[in-house]
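Asker: Sequence:
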Amino acid sequence: MSGITYGAISYTAWKEEGKNRFLLQNALSVAGIENSKDFQMRREAVIANKYNLTSVTARILNGDGGAWIKQVVDDSTIFQLDPFHRNKAITSLVHDPKASDKIKGLINEGKIDDMFSFLRMYIDSIDDSEETSNAEELYSYPKNNEDGLLDYRIQEPCLPDSLAGFVYRNLGTMENHNSLIIARRMKHNHTTWSKKGANNMAKILAAKFSGSLNETVHDIFAHDLTNNNTENPLKRRTRTSCGRIAKREGKGYEYPVKGSFTPVQGPLRGTWANISGINGT
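Residue numbers (this note's numbering): 1 to 281.
Some clues are possibly wrong.
[Said to hold, decoys possible] Simulated restraints, written as ranges between beta carbons of each label pair: (1) Ala48 with Gly18: 31 to 41 Å; (2) Asp114 with Ser92: 21 to 31 Å; (3) Thr132 with Trp68: 27 to 37 Å; (4) Leu53 with Lys196: 27 to 37 Å; (5) Asp113 with Lys208: 21 to 31 Å; (6) Glu109 with Met41: 34 to 44 Å; (7) Lys88 with Gly197: 45 to 55 Å; (8) Ala58 with Asp114: 19 to 29 Å.
[As the list claims (entries may be wrong)] Distance condition first, Cα-Cα at most 27 Å in a straight line; then the derived DSS-like pairs of lysine-lysine: (9) Lys70 with Lys203; (10) Lys143 with Lys88; (11) Lys37 with Lys196.
It is worth saying that the hints were derived from the structure and are not from the lab.
All C-beta atoms in this analysis are idealised placements derived from N, C-alpha and C, irrespective of residue type, glycine included.
Model the full assembly from the supplied sequences, consistent with the hints where possible.
Answerer: Given below as structure tokens:
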């Protein structure tokens with residue numbers, strides 16, 4: 001599989017459920033393998049379908065600084081450079097722990113000009129060419145995202161008061177949710193994916209997280225019925241021309257064409273018929 005998997009998480013608030021325990025409210029996920037422009041359009045459409053944007057008084061965008069992320073529909077959106085990616089870049093490109101901590105501290109204190117001045121002095125003091133190159137790269141990263149270095153609560157001190165039980169917290173849930181929603185299912189488990197298959201699975205996992213999977217599947221069936229396609233979508237097969245199949249490809253491996261399905265005995269009806277169709281019986 002080749003291609004970039006884009007992902008986004010959107011939510012309206014953090015609700016305190018217990019001591020140091022918070023849950024995202026009205027959360028949704030959007031994911032897929034497509035060009036950034038198409039993903040942006042789909043992301044905005046999903047968000048507009050989920051929330052009443054006319055009543056939104058503040059919209060915060062947290063991202064790793066990629067150019068595509070900042071291409072927002074609403075110009076009033078507040079951008080914040082994701083703290084995880086920011087700190088990861090500092091740690092990986094500045095190997096002096098004291099200098100690294102100093103840079104992070106100045107950013108956290110909101111002293112952005114002092115941070116750039118310190119980083120420039122640090123670059124000028126390095127003799128090693130590789131370390132100098134790394135530090136120059138780090139200088140460019142926050143410089144290109146200078147508008148998002150400050151915490152969003154500092155950028156916009158007049159945010160609306162949070163409702164009872166809800167709080168403003170640090171952003172940065174995307175990296176964790178990428179792992180929870182997509183990576184655990186699609187990576188590091190010896191699976192390989194076609195681009196189409198990976199795109200479909202990413203969308204399914206995002207819909208499952210958002211609580212819209214059942215509705216999405218229902219809409220697919222409803223669309224087929226509306227267009228007089230009575231064939232069960234779960235039983236469809238991709239038909240390949242025999243001429244396109246190689247007669248011999250190495251020694252090959254005789255994979256089973258279908259597995260057993262123990263619970264199914266006798267006539268197949270309803271959901272069991274659909275599952276049987278997936279199973280290949």
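Asker: Work down the list of hints and note, for each, if the structure agrees.
Answerer: Quick rundown of the hints versus the structure:
1. A C-beta distance of roughly 33 Å is found between Ala48 and Gly18, which places it inside the suggested range of 31 to 41 Å.
2. Hint check: Asp114 to Ser92, Cβ distance near 22 Å, so the stated range 21 to 31 Å holds.
3. Against the hinted window of 27 to 37 Å, the Cβ-Cβ separation of Thr132 and Trp68 comes to about 30 Å, which satisfies the hint.
4. In this structure the supplied range 27 to 37 Å holds for Leu53 paired with Lys196, their Cβ-Cβ distance being about 32 Å.
5. With their beta carbons about 45 Å apart, Asp113 and Lys208 fall outside the hinted range of 21 to 31 Å.
6. For Glu109 and Met41, the hinted distance range of 34 to 44 Å is satisfied, since their beta carbons lie about 38 Å from each other.
7. Taking 45 to 55 Å as the suggested C-beta distance range, the pair Lys88 and Gly197 does not conform, at roughly 30 Å.
8. At about 28 Å, the beta-carbon gap between Ala58 and Asp114 stays in the expected band of 19 to 29 Å.
9. Simply put, Lys70 and Lys203 have alpha-carbon atoms about 22 Å apart, close enough for the 27 Å limit, and the pair holds.
10. With a CA separation close to 16 Å, the supplied pair Lys143 and Lys88 stays within the 27 Å bound.
11. As the CA atoms of Lys37 and Lys196 are separated by approximately 18 Å, the hinted pair is consistent with the 27 Å bound.
Hint violations for this structure: numbers 5 and 7, all remaining hints satisfied.
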